[in-house]
Structure formats: structure tokens, C-alpha cells
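Add chain H to chain F, keeping to what the hints say.
Read top to bottom, the protein sequences are chains F and H.
Taken in order, the first sequence gives residues 1 to 274; the numbers are from this note's numbering.
Taken in order, the second sequence gives residues 1 to 257; the numbers are from this note's numbering.
Any given hint could turn out to be false.
Okay, the calculated bits of chain F under chain H, using three or more residues with CB under 8 Å as the criterion [what the hints assert, rightly or not]:
1) 143–149
2) 182–195
3) 203–213
No wet-lab data here; the hints were simulated from the structure.
Every residue, glycine too, gets a C-beta built ideally from N, C-alpha and C.
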Amino acid sequence: MSIEPFMQRALLAALVMGPLCGFMGVFVTARRMSFFSDTIAHAALAGVALGFWLGVKDPTLPMIIFSLAVALLILWLKERTDLLNDTIMALLLSGSVAFGMVVLSLLKGFRNELDRFLFGDIFSVGWGDVQVAMGVAVGVSYLLFRHLNALALLTAHEDLAHVSGIPVRRMNQLFVILLTVTVALSIRLLGIVLVTSLIVVPPATARNLAQSLRQQIILSLFLGLSGAVGGVALSYPLNLPGGPCITLTLIAFFIFSLLISKLIRPNRSSPCPL
Amino acid sequence: MEIAFRQPKDVVVEVTGLQVRLGDTQVLKGVSLRVRKGSIVALIGPNGSGKTTLLRCLLGLQPVDSGSVRLFGKVPGPESFRRVGYVPQRLQVDRSFILTVREFLAIRLPATRGWFWRSTHFIDAQLKELVADLDVERLLDRPLAGLSGGQLQRVLICSSLLNKPELLLLDEPTAGVDTPGEKDFYELISTVHRRLGLTVVLVSHDLSMVYRHASWVYALNGVICCEGPPEDVMSADSLKQAYGIHMTPYQHHHHVH
Numbered sequence: 001m002s003i004e005p006f007m008q009r010a011l012l013a014a015l016v017m018g019p020l021c022g023f024m025g026v027f028v029t030a031r032r033m034s035f036f037s038d039t040i041a042h043a044a045l046a047g048v049a050l051g052f053w054l055g056v057k058d059p060t061l062p063m064i065i066f067s068l069a070v071a072l073l074i075l076w077l078k079e080r081t082d083l084l085n086d087t088i089m090a091l092l093l094s095g096s097v098a099f100g101m102v103v104l105s106l107l108k109g110f111r112n113e114l115d116r117f118l119f120g121d122i123f124s125v126g127w128g129d130v131q132v133a134m135g136v137a138v139g140v141s142y143l144l145f146r147h148l149n150a151l152a153l154l155t156a157h158e159d160l161a162h163v164s165g166i167p168v169r170r171m172n173q174l175f176v177i178l179l180t181v182t183v184a185l186s187i188r189l190l191g192i193v194l195v196t197s198l199i200v201v202p203p204a205t206a207r208n209l210a211q212s213l214r215q216q217i218i219l220s221l222f223l224g225l226s227g228a229v230g231g232v233a234l235s236y237p238l239n240l241p242g243g244p245c246i247t248l249t250l251i252a253f254f255i256f257s258l259l260i261s262k263l264i265r266p267n268r269s270s271p272c273p274l
Numbered sequence: 001m002e003i004a005f006r007q008p009k010d011v012v013v014e015v016t017g018l019q020v021r022l023g024d025t026q027v028l029k030g031v032s033l034r035v036r037k038g039s040i041v042a043l044i045g046p047n048g049s050g051k052t053t054l055l056r057c058l059l060g061l062q063p064v065d066s067g068s069v070r071l072f073g074k075v076p077g078p079e080s081f082r083r084v085g086y087v088p089q090r091l092q093v094d095r096s097f098i099l100t101v102r103e104f105l106a107i108r109l110p111a112t113r114g115w116f117w118r119s120t121h122f123i124d125a126q127l128k129e130l131v132a133d134l135d136v137e138r139l140l141d142r143p144l145a146g147l148s149g150g151q152l153q154r155v156l157i158c159s160s161l162l163n164k165p166e167l168l169l170l171d172e173p174t175a176g177v178d179t180p181g182e183k184d185f186y187e188l189i190s191t192v193h194r195r196l197g198l199t200v201v202l203v204s205h206d207l208s209m210v211y212r213h214a215s216w217v218y219a220l221n222g223v224i225c226c227e228g229p230p231e232d233v234m235s236a237d238s239l240k241q242a243y244g245i246h247m248t249p250y251q252h253h254h255h256v257h
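In isolation and in its complexed conformation, chain F is listed as follows (with noise of 0.2 Å):
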């Protein structure tokens, strides 16, 4: 059975992203990112209608640029205001959905590209946006590995990090730029709307049955992976959306790990709360 070059280059964009988002997914979550992510996930829609404003046929650079001027505008506002993270992020996510709205509703004619963006249309990827994926999925997975302990270090303490000799500051531009770059190319994926699911389930899932850091990045990995294809290879033959069949299949995961954690350790304190 041969299978059609779009279903081809929509599994191949699940399998670069899925692990990547997945990896990813372990530090953000430790970190309490979940709400960054998806404000920088929403923030990407003001860059899509930048893009169209600007007659930009395929809008992702424009996506890319509009979120890390988000993502660094949150880490300016927290260290120069006495705002809580929340409020930032709050008002950056309004605002940025708000402005995008405003703008394609302006432009008009737009609609349709509005919902591939907002809902992601894996099908429609073509072998270019496969290849970015790719070139960005190895040189943020070797950016990861190659700063894993200053990560990991982090994550647990930033003073020690510090005294360890980590330039904390460089660490955390890097991570919410390497947490960008993966967020905006995963929208042609799963959309706006349910992104933040292949970054925060996957690792969510994998502590339900990790028992160390390193167990939890390789199931996180594979999670990530099983859970973009899978959801992707469900889809078609079921004639239903991609985005929300990932983000179901990535949730049945975790309702399953939660089963098996509560099998195997009955007295785990608790599973981890998504």
C-alpha cells in the first residue's frame, strides 16, 4: 500500500516535531511554562495576520519574528516591572489575539487561513516546511542536550546555578528562544489553539511512570513522538481534523499512565497534575 505524499509529509513533520515538542516539554513544564507557551503560541497569530498585512505568501517567518518579540518582551516586563508573571502573560495573550483579529478582519478574504492557523492543518505542509522542521528539530535538540545540565540546574535552582558558574540570564534567553522557534513551527501541527498539548502532556504523562530525569526525557521523547503520529495515522482513514486527533490520542496516553502509576506504585504520592 503506497501512501500519499501529503500523508507522507504529515507524518514526517509528526515525527520531527512530536519528540522535539516533547523534550522540550520536560523543562517547561518543571518550570511552570505551561502559560508561556501558550501565550507565545497565541501571540503568533498577530505575526500570521502581519504576515498576510504585509503580503507575505507563506506567513511563518513573520510568525516566528512576531512571538520571540512577545516571548522577550515578557522576560523585559518581569525583570524591569513588579507585574506578576500571570498579568504579563494575561495581557500579552489578549492583546496579541486581539491586534491579529483586528488586523485579518481588516484584510478580509482571510478566513480560511485563519482557521489552518488557529486549528493547524498537518495535511497541507508541504516538503519545504518539512525540511525547516527538521534542520530547527536537530539544532534544538542538540542546543538541549548540550546545555542539559545547566538546564537541569536551573530548574532546580537558579541561585546555585549561578554559583556554579551558569550565566543564568544567557540560559533563559536561549531556552524561551529554542521554546519559540518550537512552539511557532509546531502550529502547522496541531494550530494555535492546541500546541501547548504536544508540550505539556508527553512530559506530564512520562512522570506518571518516570522514576528519574533521564527516564522521563526519553519517554517524553517517544510520547511525543507516538502521540504526533499516531494521532496523524488516525485522522485520515477517520476523515477527522489532525490537530485535535494528536491532542486526544496524546490525552488517552495519560489517562492510561495514570492507570498504570496507580497500578504499579498505589502509593505514589500523587500523579502529576496536568
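Relative to the frame of chain F, chain H by itself:
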């Protein structure tokens, strides 16, 4: 370099005229102190007296308004930090991050930096001596987030000794540790201090343990109110000066220095 020549060789920490303002509050109002090599120095004082701010200045984490801080004759920075072990009050890890004690220690030991790709057997062989000495061996498989206060402090001491420091800085090390755990902890510090010849600076609220284990005490309340051996500083008058209220110093009858 000039400062290094001026400073007596046995002075490990030198703070001169240190002033720090946090928001509208002048927390440190001209603090000067010296820590000599091989001593156990305790910084005591009431809440808000600037103990932790002073420690953060030593670690280069707090910008200074005026005055100077020197560790081994140098401004706190990566070079001097190589000779420093730091034990924070607690870690920020929550339940979603299952960093085990083995992984936490392996991250900080140069020989096991590539721990992710190494076998548990290899990592344990590298850590063996230190973890056995500090009775951390049985905790290696446990996640950091699941340790009791006393166990965590033991692991943090172990981790701070991995780079063979000359100076150990401890921030309220027994906050959140029960009373028997506190006693064990201070005995562990004394043993490590004796065996490795370390200089120890600790911020503490626990006057009885300070009395028992410190060789020199600074009572802080924005300024250094008094300093000296514990038996002198912890007289009722000195404590009243530092804490602003009458406190009865700890009396014990079997102290050993």
C-alpha cells in the same frame, strides 16, 4: 591584584562598608566583616536584619550600593566561585520534575557531566566516596522533590563539596528541618569542617546550634551590632542590642570547641 596583596593571607571573606537598599528600605547600612580561614562564622539577627542580603552579596547575586565584597581577595565571580560551595535554604523543584539525587550530584561533578549517556554503575563509581562519607548512598534513587528537609540538606552539602571548595556558604540551612535533624546537620557541618579544613559562613536563626558550633559570631541588624566568640556575643545584652528585645541566651553545660 592590589587588594590581594593588601589583604592578609588568612582572610577568606572581606566585606567593607557595605550598603544595600532594597526598594525604600536601607537593609545594610555600612557592614564590615572579615572571615578568617578555617573558622566557622555565624551571621545571626532578627528577620529583616539583612542576613540573607549579605549572603547574596557574597554570592554576587545582589547589586551593592556602596562598599566592597571580596572572596579570596577578588570580586565575587566565576573565578572565586570555583573555590566556594553554596548550600541554599531549599530547592525550587516541584513534583513534576523528577531529578533524582544521583542525577543532581552527577550534573555537578566534572567526571559525570555526560551522565545522561552514562550507566548508573559508572556514575555511582564516581560518586562513591563522597556519598558514602555523608550517608547519601541510600538516597541516590530518590527524587529531590520527595526528600525530607534533613535529607535534602545532607544532599545539598554533598553537592556543595563536589568541587572541593575552600569556603562553604550556608543560607539558613536548617529552616524546615526538625530538631533532631538540626542537631545531625550541625554535627555534619562540624565534621566536614574539621576533616576538610573548610571555612564555613552560615546564616542562622538557631541560636543554640550557633552557640555550640560557631567559632565566631556576627550579630547583624542593618549594621554589625556585635561580634566575637559565641559565649560573648550571645550574652543577654548583646542579643538585646541585635534583636531589640530581651532574649535569654542558650545555656548549655557541655560545650566543646
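Consistency of the hints with the structure:
Only when three residues or more bring their CB closer than 8 Å to a CB of chain H does the claim for the region 143–149 of chain F stand; here the count is 3, and the claim holds. Interface restraint, the region 182–195 of chain F with chain H: violated (0 residues with C-beta to C-beta distance below 8 Å; minimum three). With 7 residues bearing a CB less than 8 Å from a CB of chain H, the region 203–213 of chain F meets the requirement of three and the coverage assertion stands.
In this structure, the one hint that does not hold is number 2.
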